[in-house]
Amino acid sequence: MRITRVVLENYRGVDECRIDLAAEGVTIIEGENEVGKSSLAEALHLVFAYADSSKSSAVKDVQPVHRDAAPRVEVELTTGPYRLVYAKRWLRRPETTLTVLEPTRQQLTGREAHDRVNQILDETLDRDLWDALRLEQGGDLVQRSYVMPSLSRALEAAVGAERTGHDEDELWHRIVAERDRYWMANGRPSTERARLAERVATAAAVVAEVETAIRDVEARTDEMARLEGAAVELRTAQVDLLRREAELAGQLEAVAELRRTLAHVQAEARGTVSEHERWTELHASRAAVVAAVEQRRTNLARSEAALAESEPARAEADRQLQYLVELRAAAADALRAAEQVADQAAADTTYRRRQIEIEQFKERLERVLAAQAAVEAAEEVLAGDRVSAETVAAIEAAQIELARAEAVASAGAATVTAVAHTDTTIEVDGETVSLSAQGEHEAPVSATTQVVVPGVITLTVRAGAEAQALAERLERARHELIRLCARHGVADLAEARRTSAAQAEAERVHREAQARLSENLRDLTAEGLARKIGAHTGRLADFEAERAAEPTLPTDLDAAQEAEAGAQRHLADQRALLAHVEREVEEAFARTKEVSITGATLVERVNIDREAFAEAERELATGRGEHPDAEIAESLTRTGAARQEADRRLASATSALAEADPDTLQAIATNAREARERGEAAIRENHDQRQRLVSVIEHSGEQGLAHRLDQAVVEADRLRHEADRLEARAAAAKLLHDTFEQRRADARRKFVAPFRNRIEQLGKLVFGPTLQVELDENLCVATRTLNDVTVAYDQLSAGAREQFGLISRLACASLVSADGGGAPVVLDDALGWTDPRRLAQMAAAISVASRQCQVIVLTCTPGRFAGVGAATVVRLQPGGPAADEPRGPSLTA
Amino acid sequence: MVRFLHTADWQLGMTRRYLGADAQPRYSAARVEAVRTIGSLATAARCAFVVVCGDVFETNQVERQVVVRALDAMAATPEITFYLLPGNHDPLDAASVFRSPTFTSHQPPNVVVLDTPGPVPVAPGVELVAAPWASKRPLADLVATAVADLPADGTVRIVAGHGAVDHLSPETSNPAIIQVRDAEAALADGRVHYVALGDRHSTTSIGGTGRIWYAGAPEATDFRETDPGNVLVVDVHARGATVEPHRVGTWQFVKHDAQLTGEADLDVLDAFLDGLANKDRTIVRLGLVGQLSLAEKARLDHLLAHHKDLLGSLEGWERRIDLVVLPSERDYGDLELSGFAQDALADLRARAEADTADTADAVVARDALALLFRLRGAAS
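So the sequences go chain by chain: A and B.
Using our numbering, the letters of the first sequence map in sequence onto residues 1 to 893.
Using our numbering, the letters of the second sequence map in sequence onto residues 894 to 1273.
Keep in mind that the hints were calculated from the coordinates and are not lab data.
Just so you know, not all the hints are guaranteed correct.
[What the hints assert, rightly or not] Partial pick of chain A residues on the chain B-facing surface, computed with a CB cut under 8 Å:
#, residue
1, Glu-178
2, Val-694
3, Ala-706
4, Ala-733
[Said to hold, decoys possible] From the structure, some residues in chain A lie toward chain B, with a derived Cβ separation under 7 Å:
#, residue
5, Asp-710
6, Asp-717
7, Ala-731
8, Leu-736
9, Phe-740
10, Ala-747
Each residue gets a CB set at the ideal place from its N, CA and C atoms; glycine is no exception.
Chain B on its own, in the form it takes in the complex (with noise of 0.2 Å):
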């Protein structure tokens, strides 16, 4: 039996362009804090090693700094050997990351490059059966190329890949797609014993055996994941494995989306936008919709101003289109405007509610009548 972490898209370098110029060093920072936060955790269980199925960086063109300090981060837990596979966001080509001379000058002894397909001997009986990425384009199944003459000879293979499924992705086009059948098949005849994937950063388990996993990103990096933020703890025996997802991210994305017709809505959205939990480390995108009146916008305003001081990131609620904003009938009463400014604030009235409210035209007219608002206030 072994025990080994199997955990990939590490994405490190990654940015965010939406994230504020203080939210966008701590969460990078939290993602190498993440690499470290995996080997004390490899220690603790006991892991023979750690495997990263691919995009350990989100580039082959990332910058220095990011990975020295990933070495360094790595170099934490000597006891743990990292075996790293380049994947599709940093493939073993000539560019590669893993062949610079920053990566090999500062490359810790218990850090390993899985830089040839086949198997590698990693403990006593154990071989990882590495499936690297030559490129960005590969023309085959690597996991299938690797583990295709490998013999059932009692010796624990554990597949490092990296890819899209057929499973999950079914694009008969994609000639590198891994064939979830061909790798079952090996499992079967025991070949090989687990299959460590990287590529989907959502934890997920692949097939009905238990033993073909999507570890996951180990911080979350979009809002489309539904499990991100763990990595697992793998025990491969001769009859089968056991799988134990640990969550080690800190960061979450939340995407919500809300209607907006008056007060009852906006106290809803706060309450919301109140109950996220860590709200330092939550990057909240907003769709909102729906129509307000001056004073309510105000509000609203308001409102997003505070929980933008307090998320690590808010974003989207700028978007004029799918938020209207009109005055109401006693916005307007209180303007207190007559002849000329009457009828001019009656002219963008009409451009402004339009059938075509939807148009440049409306937006521009809309526009107009919030600053005619904001002038009138500073005048009276």
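This is chain A alone, in the form it adopts within the complex (with noise of 0.2 Å):
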């Protein structure tokens, strides 16, 4: 279909509008909102969709405001084959009318104009394309389908192959439940085949659970069997082993009688052995005593020989030790004597040297004295005040400044002089002053100076002030000096410097003084010193009265020492030489004692062997008494013979004995007692066990074990069959989905190339060359592919999306058109969320589709569409259009 021309008249804020639209190509309608710019839209619709006769609010509310006027909206317009011109009026003097140009011309009005309109229609125009094309402002973000028959007959055509028909989609759905019923979308089997392929699992194992039943039962028969069978084994094996046990039993007991045998034969020669034994230690015995007799005897001798020859050794020795100990008593002598003479010598020695000493000690005490005297003169010196050097020269200072005030008061005083005529007494400021005659008192006037004679007058003489001031200083400075002599207890400078030098040469001498006490004392007292020049005078007056009068006294110190050191030389020799004696006395004493004991010793031996020797001759008597030699002789002959012939008689017991092998005999019954009595173990066990098993048995018998796995067995058999069946039928739905699915993937894919090409053919020139997209079952873009990177429909930005709405409808559009169908694209106010550089290229994008459809695009931004190149600029004002501006070669009709 295309609209070539549409008129509105009383239609909202339009008194009445034509406008002139360009059969191919765009054709834009600028207006602002007011002047109906999107009547045109709405009119199109409703003159198709409303009868003249409609009281719809949809019809009244395009009636003007305050007007009762009648809306009109005529259309022309091409469709299929037809050009018609269409028309209605509603609400008053509603009116349709109808006026076919082509292909045959036809005039009809009323229901039977509006009828064959809707007839017409139906047979040319896809009236969901009619609305699919339509693009609204700020709309259709969200996609709608493009699965509509004109763009499937198109896209059909276009491919050169069938489109499915709905009985392929209704068959494709049933595919898919079917599949569905076995299938979970993950992949895995349903929950029915999941459940059913568990109960056969189940069946199975109880299947098995009973024939290890029966499998147990049938074990435990042929266990009965074979106990049945052990037990006639072992009833007799039993037999046999009794009987062997018996036998062994009569040999055990003929051993038992050698056994006796023996030991008999034994007790015997035990006897006989004793006696041989006893007589041949007499004859050995006999035999030793005499040897021992002889050999005394010799010994005897051989100690006598030796006590003999030891005799003159012992005799040289004693004398020997006699001359020793003769010369040792005189050395012991002489000893005591040098002793003796030494001691005196070193107490002379000490008398001559405390009698120096005691001179010393004097000679230290008088100088301790002396020191101790000076000493307690100076401090007598140092005891009154002390003046120092600096004292003296504070003295000295005030006396120059008292000298030089006294200086400058004379000079610059004023001065009272009185003269006496006669013998007088006056006072002069309180003193009194004889005066004789002629005599002559000069006072300085200071200040005020009173001179009185008394009973006569009174004169006071007053100084200035400069003269008052000099007498103050010289006030002060005797003030000061008298305060100073004061201080230190002098009368004037003379004494204290005359004192001060007494100090200081007491002060030296009480140091020297010090120092030579500390020299005399050192660690004494006066008076220590004194107590020992008592004592040493003592002790040699003691020692003068003692002291026997010879040897003389030496005469001196050195005379004592001399006399000592001979003293003691002397004496060392002396001790030397009792040393020397003391060990050559002890030497033969020790040779004497040696030779003494071995004379003892010898006698000692002598005195034995001759004991010994009687001892041995006594006991040889004593037994030849008893038993005679000869007696000896023959009894060892005769028990010798009875001997040997015992130990034959026992060497042929043991031997028979031995040849019984009683051991073996004895492990053999061992062995075979066991053996009966393991036997009898194994009758009673296989019994026991025979019992146990029969109750067993007994039990599982009546459990009807055989029924049951029938039972268990069909039960198995028929889920396993169903399952089977069913497992069967989830192949084949599984295979059928996948056969279809894989096939209508390929047919769709095909089918949707054109479709998808053209839209990316439109895109490209919005999105660059580089642009790909995917579109899904509807046939909307499902994905966008810029530079290889792939993005959802839904997380494009609104501008985009919006693009692709366009670009859809534009593509759409073009393929239908294609073939002579097809609709307008009627775009109100779209694009809002395009920027201008997009804007730009989506102009590009029209006017490419324009050239194989109809575009009509209403908009109040006349410059938002300027980049669409040939294009019919229609401009509405109001009241109607203004001008038609066509830009570029003009396409209107």
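Join the two chains into one complex using the hints; note that each chain is given alone, in its own frame.
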């Protein structure tokens, strides 16, 4: 369908308006919102949808406000082979008129006209497409389906193939539903299949369980048969074992008899041996006693010879010892005399030394006493007031100041001079002055000076101010000098100087005396020194009183020391001599002792040997008294023969027992007994086992295991069969589904290719040459790929989504219109989301698409579609269009 | 002369797993009923006794209920003594059903277990020579052992044995196999006069004497059996024996193989199943091979479902490899698919009709095709 003209009368704000549209290409209708720009789209809807008699609110809404005018819409269009003019007026004088211009002229009015138009549209127009190709302001960011007959036909025509019909779609849905009965979305078996498989497994387990129970019964039955066989064998074997055990018992008794015989022979043999051994011992002991007598005789002779040989050496040793003992006594006496001489010499030396020491102590005591006196004298001087050199200097300074003050005062001060005419007494400033006649008393007038002549006159002289100041300085100087002298206890400067010098001298004397004191006293006091002198003197007196007169006391210390040294040398010599003699005595004593012991030992040896010899002779005599030698020899021969006989009999009995091999026989008998016992135990065990098995087998026999197994197998077979069939159905459903899905996908890919290609062709103008899109089931854009980056439609910006909305419509319209069908693309203030740069690119896309279809653009923003190259522009103004302003070649019909 | 009834292999307690919930109890009941029939027949034929030559019970672990029902059935004819020989299925081992409290406490006076090898007097001048199985794996020919030391003293002796004979099972390694020559020698010597055997479920005369017989099972138990369902009424006299089979079985096992390639084959199969007698006591196993179209397969399914309702049991037609179902060109035309669905159909056909059409993959592809037809049918 292509709309070539629209006329609106009394339509909302429009009194009358005629718009001519380009049948191919773009018509841009510009106008303010109020001027009825959008009315155009609405009118196209109303004229086809509402009968002239309609009182619908949709119709009423388009009546001009405050005016009782009848809205009217007239359209001229071509659709399929038809070209027609169709008009409707509503509300007042309703009217419908149809003029078919081609292919056959026809004029209809009223209901007939309305129906004829609908018939023509049904015949030639895909109403879904008509709806789909209108893009309204701001809308349609959510894509709408392009699955519609006209596009499908166009696509089928494009690919030269049949599009799947409704039946195939219905079949496909059933195939999917059938697959879903057996398979879950994740490809795993359905719950029904899983449950059945579980039941099959359970049933198989039950079968296995019963089979096991039956096998157990069979095994027990076999075991029972085996045990019964074993019982027979055991009983047979037991008979043999008992017989064998009895045989061995007889053999053991015979061995016991042999043992008893052997024991008897052994006892006899022991008796003969004992007798023979007794005579053997007697024979041996007699020979030993005879030998002992001879031996002891020899020993006695040898020890007596040795004693005789030792006698001369012992006498020589005694004599030597006697000589040395005497020599030692003489040496000891000489030593004692030398010691006395030495002691005396030492005492003399001490005596002479003490004498000298007493003299020395006395001299020290004298020096100490002198020093003590000097110290005391100096301390006396130092006890008074101390006048230091600084004090002397201070008093000298005060003295000088006073002299200066006096000089200045006398130079500058007034003086009063009294000259007595007679002896008289006056008082000057309260001081009585006796003047002799012509005597003169001059007094300085320092401030006020009163001169009183008692009873006569009181003369007051007042000095001037300068004289007063001088007088005051003088007074201060004098006062200072007096204060200093009084403070240090001196009368004047001269005394101060003397006192200071005396004190310095006393200090020096004190220091020197102290030094002498400590040098002479050392660690003593003067009293201690005196006591030492006293004590030493007492000792000397005692020594002199006690000492013998001879030898003479040496004259001095040196002589005493020399005498002492001589006495000491002599003493040492005497000591050495004594020590030498004593060593020789010891050695001689030891030799004597040794010789003496040797002698005593030899004597004792002789005594012992003599006694031993006598003893041996007695013993031999006694023995021969009891058993003469002949008796012993005869008995020894006799008992020896008896012993040989007994040994022979013993060997015979032992051999007989050994031949019977009692150990082996015992082992065999023990083994036989154990085997018999083991056999009994085995028989008991076998019996017990059979008893136990009998009850178990009896119990299982009552359970009807065979029947249970049959039931379980039947159930398991049934379930397995059912499961097999279910699995077969599942496999068939899956194969059918997968095969169809594969083919369906292939077909769809082929089918949508032209549409996708057209969308990409237009879209590349907007998004660039790398654009690729994928379409979904509804032929909507599912993904956009730019520069190998793929983005889902929902993730795209609003602008991009809006652009795809328009591009899809343009692609659809251009495909559908290519074979003469289709419908105009109506854009009502679209691309509000699109930025200016993209807007220009979209304009290019519109331009390209419009070569194959009709595009009607309604906009209140004239500049928005300025980029569309070849377009017819209609500008709407209140009341009607202002002018046609074709841009580029006009395609207006 | 003595007349008795020779039977064997009752296999009481045996179940057939392919029987359904309806058929199995009826089949079991029929086999107990056969015991009553045997008692009645013995009475009617004036038999001195009944000897059951082994495998009275399917197993020693048989259900209590089976034991008491069997004993009850035998007790119904107290005038007839049943001599029961333990066989390889119910040997006289420690677990023997014949020694179970259930058996011994319900054992009626006319039921005797031949539990000792050797002769047992059963009537004046008549002995049963028992060769019972004491275990599942005997180590000798029990029949030969039982008759070895018997004298030919004029006593009529009937051997009751069980197991395979060397004529039919030349199993040289089995020490228990019954040597027919030895048995025939005993017959020739006059030591014994008839050898009653059990184990083989089909009624069979062994050797040339006419006096060695397998009685067969009184009710069929398997498809392999050639002549089951009989018992033998035997007259034994000094010079020989007369053996007369009597049919007592009411169930039959039928195995049928058919090649199916079109409607005509289906007609034949239908007629065969229709012609079976005693349908509710007939157990049928079909072996179907060939190739059918969808429509033919639908008819086959319908036909078999119908007969399954009638028969005691019908099995063996669900195996999908032997019988290939492939849609015909007409079937495919009816699908009216276009576009991708047509392509997918072609893929599936290629897999279903590939040279390796017997592989699991082709089977799944055929199933998928069948499913497609079903879904398309529902969709259109």
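Going down the list of hints, with the structure as the test:
For the restraint placing A/Glu-178 at the interface with chain B, the shortest Cβ-Cβ distance is roughly 6 Å, inside the 8 Å limit, so the hint holds. Taking 8 Å as the C-beta contact cut-off toward chain B, the hint placing A/Val-694 at the interface holds, the least distance being around 7 Å. The beta carbon of A/Ala-706 is positioned within 8 Å of a beta carbon in chain B (closest approach about 4 Å), and the interface hint is therefore held. Look at A/Ala-733: its Cβ gets to within about 6 Å of chain B, closer than 8 Å, so that hint holds up.
Using the Cβ-Cβ criterion of 7 Å, the hint placing A/Asp-710 at the interface with chain B is satisfied: the shortest such distance is roughly 4 Å. Taking 7 Å as the C-beta cut-off, the interface hint given for A/Asp-717 holds, the closest approach to chain B being about 6 Å. Hint on A/Ala-731 holds. Least Cβ distance to chain B is approximately 5 Å, under the 7 Å limit. Hint on A/Leu-736 holds. Least Cβ distance to chain B is approximately 4 Å, under the 7 Å limit.
With a least beta-carbon distance of about 4 Å to chain B, the hint placing A/Phe-740 at the interface is held under the 7 Å criterion. With its C-beta approaching chain B no nearer than about 4 Å, A/Ala-747 sits inside the 7 Å limit, and its interface hint holds.
Figure legend: structure checked against the earlier numbered hints; every hint is met.
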